[in-house]
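Protein chains in written order, with our numbering: chain A, 17 to 151; chain B, 60 to 157.
It is worth saying that the hints were derived from the structure and are not from the lab.
Take these hints with a grain of salt, some might be off.
Unchecked claim - Label-pair distances were calculated between CB atoms; the ranges are: (1) A/Gly74 <-> B/Thr151: 35 to 43 Å; (2) B/Asn67 <-> A/Asp44: 40 to 48 Å; (3) A/Val137 <-> B/Gly97: 52 to 60 Å; (4) B/Pro85 <-> A/Pro46: 25 to 33 Å.
Unchecked claim - Simulated crosslink set (DSS-like; lysine-lysine; CA at most 27 Å straight-line): (5) B/Lys124 <-> A/Lys129; (6) A/Lys105 <-> A/Lys48; (7) B/Lys124 <-> A/Lys149; (8) B/Lys64 <-> B/Lys92; (9) B/Lys92 <-> A/Lys48; (10) A/Lys48 <-> A/Lys129.
This one's a predicted model, so the numbers in the text were calculated from it and none came from an experiment.
Think of the CB as a built atom: it goes at the ideal place given N, C-alpha and C, for glycine as much as any other residue.
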Amino acid sequence: MKEWTFEATVERIPWLTDQVNEVLEGLDCPMKAQMQIDVAIDELLANIASYAYGAGTGEVTVRVDFEADTRTVSITFIDSGVAYDPSVKSDPDVTLTAEEREVGGLGIFLVKKTMDDMTYVRRDGRNVLTIFKRI
Amino acid sequence: MTINKQQNGSVLTIAVQGRLDTTTAPDLEKEIKTGLDGVTELIMDFEKLDYISSAGLRVLLSAQKAMSKQGSMKVIHVSDLVMEVFEVTGFTDILTIE
């Protein structure tokens, strides 16, 4: 439906969020779902920008699709960085106290909890990560 | 994101407006790190906060850890959406939310 390819940096997060929000507004997406998707974009693009290409940078392709039958938005992130499957990442222990809690590891967990599904495949040397949200 | 700080004696209130995410969280972190001298009560006012991502949660966690040593911290006027993030991540048990 819509696709963008750009250099994966955290500075591009607000721009990408605006692009996706424009698409979501055209789909009459409820505000809550939109904000949850915005958070997911923040987490996933920040991950790719920070880790996929090590100390360097590289490109990411982001594609937004919509399945009208089920009113499901899917957003796919494709990068050619190091293989990384966040869908199998173990969940952080959210029952620990503030002193015991590690600073980090919550992003992917938050995405898994707020999206309806997350899939990952490594294809042709690329990470292909898709999140699904019914709106 | 806009940050409004108001200090009343040893009570510091920080009101955050907009999105607290990867790009904006460092600004809040800086404000908190440089502003806690002599503060015994830190109040985070989230009335106008649109949403929070894990980068924002990390800032809250380190603020909570710092304030546990020198006083207390509470978060006020939390919206339903932000509260859901706190619940999912177990932050409702870490933070004092009013």
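Going down the list of hints, with the structure as the test:
Take A/Gly74 and B/Thr151: their Cβ atoms lie about 38 Å apart, and the range 35 to 43 Å holds. The beta-carbon spacing between B/Asn67 and A/Asp44, approximately 44 Å, falls within the hinted interval of 40 to 48 Å. Range check, A/Val137 to B/Gly97: Cβ separation about 54 Å, and the 52 to 60 Å hint holds. Taken as a hint, the range 25 to 33 Å holds for the pair B/Pro85 and A/Pro46, whose Cβ atoms sit roughly 30 Å apart.
Taken as a hint, the B/Lys124 and A/Lys129 pair is honoured in the structure, with Cα atoms around 25 Å apart against an allowance of 27 Å. About 26 Å separates the Cα atoms of A/Lys105 and A/Lys48, which keeps this hinted pair within 27 Å; it holds. A distance of roughly 34 Å separates the Cα atoms of B/Lys124 and A/Lys149; the hinted pair therefore is violated under the 27 Å criterion. Restraint check: the Cα-Cα separation between B/Lys64 and B/Lys92 comes to about 13 Å, which is no more than 27 Å; the hinted pair holds.
A threshold of 27 Å between alpha carbons decides the hint, and for B/Lys92 with A/Lys48 the separation of about 31 Å lies outside it, so the pair is violated. As the CA atoms of A/Lys48 and A/Lys129 are separated by approximately 14 Å, the hinted pair is consistent with the 27 Å bound.
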